[in-house]
Structures are given as C-alpha cells and as structure tokens.
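Chains as they are written, first to last, in this note's numbering: chain A, 6 to 394; chain B, 6 to 394.
Please note: incorrect hints may appear among the correct ones.
Intra- or inter-copy, both count: the list cannot distinguish identical chains.
[Said to hold, decoys possible] In silico PhoX-like pairs for lysine-lysine, Cα to Cα no more than 25 Å straight-line: (1) K393 with K175; (2) K102 with K26; (3) K102 with K317; (4) K280 with K393.
Please keep in mind that the hints were generated in silico from the structure rather than gathered at the bench.
Protein chains: 2
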Amino acid sequence: MTFQPAEFAARRRRVKEAMSKAGFDLLVVCDPANMEYLTGYRGWSFYVPQAVLVHVDEDEPVWIGRGQDAAAAHMTTGLTPAHIIGYPDDHVQNRTKHPMNFVADHIRSRGWERASIGLEADAHYFSLRAGDALRADLPNARFRDCDHLVNWVRIVKSDAEIALMREAAKLVDLAMETAVDRIAPGVRQCDAVADIYGAQVRGTPAFGGDYTAICPLLPTGEGTATPHLTWSDAPFRNGEATIVEIAGSRKGYHCPMARTVHLGPPPQRLADTAKVVVEGLHAALDAARPGSTCEAVEAAWRAVIARHGIRKDSRIGYSIGIGYPPDWGEQTASLRPGDRTVLEPNMCFHCIPGIWQDGWGIEISAPFRVTDAGAERFCAFPEELTVKP
Amino acid sequence: MTFQPAEFAARRRRVKEAMSKAGFDLLVVCDPANMEYLTGYRGWSFYVPQAVLVHVDEDEPVWIGRGQDAAAAHMTTGLTPAHIIGYPDDHVQNRTKHPMNFVADHIRSRGWERASIGLEADAHYFSLRAGDALRADLPNARFRDCDHLVNWVRIVKSDAEIALMREAAKLVDLAMETAVDRIAPGVRQCDAVADIYGAQVRGTPAFGGDYTAICPLLPTGEGTATPHLTWSDAPFRNGEATIVEIAGSRKGYHCPMARTVHLGPPPQRLADTAKVVVEGLHAALDAARPGSTCEAVEAAWRAVIARHGIRKDSRIGYSIGIGYPPDWGEQTASLRPGDRTVLEPNMCFHCIPGIWQDGWGIEISAPFRVTDAGAERFCAFPEELTVKP
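Make the full structure from the sequences, and use the hints.
Written as structure tokens, this is what we have:
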C-alpha cells in the first residue's frame, strides 16, 4: 500500500462530509483516479465498467468490478474481502446485460434503492448506457450529478501525496532532458520518443516511473499550430520547432511539463513570443498565493500578454494529481476567467499557457504547488525556448 | 493521409448502409477509433468531448471538437474546411455548459432536430452528461443506442488495414523478444518496461511504432493471479512467473500478444497447464474458419481444457483493429458462448485464453486473421511457456 490506512480514512471522511453537505446518501464512483484515491485500487481494468460505492453510513466502501480483476482489488486495496465483489464475465461488452445492472442489484440488496445517489455524470468511463441502466433499474432512487465531488476533495494534497508529486517531477525533468538531447535534425521522431518513454519509466536508481495518463505529445514543424498531435517515424528537420508535452508519473501521481525545442536559429517571431510567454508564466505564478483565485492567476498572465498584443482564449492551466488515461488533469479547477476557486496550500496546478497560431506555436509550462509563501515550482528545467544550434 | 480517399468513401458508404438498415438519419460518433475510421482524425484530444456527425443524406461527415484541436483535424483528415468546427474553450470541464450543448446547436442549425439519431451509448468517451445534454437540447429528435454500429462495420478489414496490422505484428514480436531478454532475477520491473516501450516505439529501420491503447501489463509472482496489474520498481525474482501482455501499434492499428515468462525451472502445475493452454489455443485457431462462429471457436478451446479438468468462465478473445486508450479490443465480437457472430475473411482477433488461479496464472495468446484457408497467425513468437533457466 502506497498510503497509510489513516490517510485513506481521512480521504473517506472528507468525501462523506462533502456528500452530506450535498445531500447524497450514496456515491457511485467510476472515475479510476477516484476509485484509487478512496481504496488504493490500481489496475488497467477501467476499459470495462467498475465502481466503488461510498455510503455515508458505512465505514468501508465497496469495490465492484470484473471477476478476473477482483484478485487485483484484494492485492492493491486494504478492503476486507466481503467488500470486493466481482461480476460475471458475460456482462462484458454484451448487448443484453451491463455491469451497471449488476451494480444496481447490489445497491438493492443493501437496501439502498430509495437513496439519494450521486453519479459521476461526466467521468470518462461512465457511459450514457451505464447511467441509463442504473436509473432504469432503480426507479425509486433519486439520482443527481455529483459534479466531480471526489475530484474536488482530491484538489488539496496531503504531504504524502506531495512527496510523490516531487518524485514525478524528477522523472519529467529527466525525460525532458532526454527529449532535448535526442531531438536533432535527421533523427526519427519515434526514436526520440522511444528514449523519452525509457527515461519516464526507468527513472532513477532510487525509484522508477509509472505509465503516464497521456502519451508523449510531439507536434513538430507546422504541427506546432495545435497541441495534441503525436509522433510519426519521419525525421526532425533543421529550422523547425517541436513541442514536447510529457509527464512523469510516480505511483499514478503526475507532474507534467511542456517545452518547445527549435533546431537552428529560431525565427524572430518565435523568440519574441517565447519571451512574452515566459514573462506571462512568471506573472501567473507570482499571483498564485493562498486566498487568490484561479481567475486572478489567469488575469496576471493576460495582463502581460495584452501589453505585447497577444491574445489567448483558452485556459492556461488545470489542477493535477492522480491521473489515468486519457488525462492527467483533475477536471476541477481551471486557470481561466470565471473560475473563482480559491487557492489553498497544497493545491497543485500545471500552468501551460500554450500559444497556437497559423502554422506555428509555442508551449513553455510550469507545474507548481501552492504554498503559504506562494507558488513552489516542481521542476528545475529552464523556463525558456530551448534552442539547439 | 494513411488511407486513400476511396477507402474512406467505402467506409462511409458501409456505415450509411448500416444506418439506413437500422433506421438512423444521423449518427453522433464519439469513439475516437470510429472518428479516425471515418475521417482519418488522429490526436490525443479525446479527453474532452468531440464528435463526428454522419448524416445519411450527406457525402461528407462533420468533425466537431475543441477549438485548439481544429487545426489537427485540418492536418489529419481530408475533410473540407467547412466540415471542421471548433467549439469555444469555455465549454471544457465547465459545470454550466457542455460541448454536447454546442453539438446540439449545430444539429439544430442543420435542420436535423427531428431526426432519428444514433448514439454510441456505451462508448468510453460518451458520458452520461453528454447523452443527457443532447437529449435535453433536442427534445424532438428520436434517440436510440446505435449498438456500436461503426465498430461492427470496422470488424472486416481492408487489405490496406491488414498491411498495417502485419507491421504492428512485427512491432509486438520485437517488443516481446525484448521483454523476454530483459526479464531476469534482480532486474527492476521498470527497467524491463522501459526497454519494452523502446522496442514498441523504435520499431524497425523501415517503420516506427505508435502509442498502444494499453500500457505494458506485467503481473509478476503472485500478481499473475489477475490480468491487469502493471509494473513496479521492485526486481523480478528467481522462481517466479511474469505475464507480459503488450501490443505493437502501427498508425493506431494494434496487434496484441501475451506470453508468460518463468525464471528458473517452472512448477509442474504451470508447465502442465501451459501445454493444455497451447493445445486449446491451437484447437481454437483451427476452428476459426469463414462461416464458423465466435462461439464455435471458444467451444473448440473449451473441449480441450475440459478433457484436462480445467474450467474457464471468461471470454477467450475479441476483435482487434484500431485501438485507442483504454482498450485495443473493438468492443464487438467476443470469443465466448452465445456470440453467434459469423466469421468472415479479414476479421482479426486476439485469442487470449488466460487462466487465473489462486496465486498463479498463465497467458499465451495468438492474434490472427480469418482467411479462406483458416486462421492466419500475425506473430512469429513461439506459442509456449517461456522458461529462462
């Protein structure tokens, strides 16, 4: 177990407090990051429906998943055996029965069929059919979207979690060094990415890395106009930029980072924009103090770029912590106008004010922790346009 | 573009034929593999809602995604610019507006608000909230689950797709060789996985590999009792088995494979079970001929293991092709009792009859293509328990 039983107890207590406040008796938790947060469960089984049930009156949650994954729940959680329940394999990808029919049966068997039930209605692995199955099978329950209730509890980290984030930061620093070292004219993109993966996972002699929730993103050349392209086996070319957005993951805790590498002397436009981006990034981090808000952090960035005639409509960051594919963001607070989330110590963000224009772009980011003394950077890699002459 | 325009035209024609047969005017396609199949779109943007709209009366589909990803759609698809639509960034992870509200507005603007609309109700990235938003915004439309309509069209591959599957097979053969080479007593699991990733992505001098939909799965020691555990930074130990389930991915097309590696002389139980599994695997592949069914393939396996007193309740395989996280299966046909899908040439499966017992387990698998002459194996790696003395 990565965390002490007392840490899990504290997490569950905070979740149940939030449930009571929101009027929920029962939560059906299907986001794998939330399932891990509440129980320690870790396994690549989230391609089939599974859930952790949290009832306000129960000490221990219930894990329900595919039968063949129940052994993984016994191995990775501290749950007592009676709280680990496997469903029959014929529920997998079947037109006529769904794992959530099984979950509904369990809810009924516990006498919770009239409960006020919170659903993670916009979680990645909670499908329309899953939600419709629960609602049809439990017509007397009162269902509501819990609005990412567990994700919002996760937003303030414990010291044990911060320790893992720091190790993840070392992993991404190492992986970014590898990326910059390997990106060179004539080198195939896939060969550089092979070494990036190697650095992410091999880690240090003291600890290794886990899979990251997003694969290495590597827009290159004209592809830098957009953030989410991946590599090919074509070579890097002199005179072109490459955006590298990667993370380190330590036991599922993610520290992401982005840099832009230019091969050869950069165009003036890119060099000038890099200076503005870094100035704006620093202004944003300077504004990230307890009591401030997410929108105030973004406003500090916006003021800088406006002075230089640059405009950006998309958010410049998001909360980070445990990450599962397809995202290492926590899907809660965003650094953008209108987000009045008040910053507290041990909130963690990835500030990534990417600029994507017609045919070119730039990303220079900073993952950070909110402390009483302001933003504390996780990473050591220089915050600048990386030029390889 | 990986495929010729004629191939995309043929795919869309088959999808529209299936839509007409099922009575759908419009399909809202949110599975990223289906989006790529219909348009060529490829980018790691599926952590936010996005869709391809296919209308039976329209030649060209419409791509709707996040604004910053529209440039990726222009670069990776052959869609005309008017058919690529970006939604404003404030729709991302926002409690008060959802990208599917934007999609509903577009549907209304095209005059399709009374259409018979097919939803991918159990796709991984089509959430309950996404479905509820569409249904609430378009009260006069008739919505039904399309039951993985596009996935079912994908099940029979073109020759161009098979060529990519064969390249993916070379990648996984290479990666499995690397895995077996690196797994040794005292070696950290993360160091072996770093090299597995390297082999998957570096590929051959002729072509590189893409990210795979599932990270390397690596249950070891007692962990082999369950299939979906990943690695740690602990060392492999002599006298223990490790299950390696990995894939090669070539432009998103996946060829998965599983093997079990034992360090030192294997226990008799494991060696005996391996022989039964291989015999059963061969029987299953021998039964995989056009005109046969998925359940007949499984029955051939089951007959073998029953003779040896082994029982297995879970499916022994699934259809493969394009894969996106979290799964490289196509979510259509399964090799199991009750699945009467009739085999046709150029269907592709991963036959993976895993045995998981109390404290131990074994996986030896075979990805294959159905041909007129029977099952054709994609991979060359020996089908046996791998023992490193």
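Check each numbered hint from earlier against the structure, then list the numbers of those it violates in ascending order.
Result: no hint breaks.
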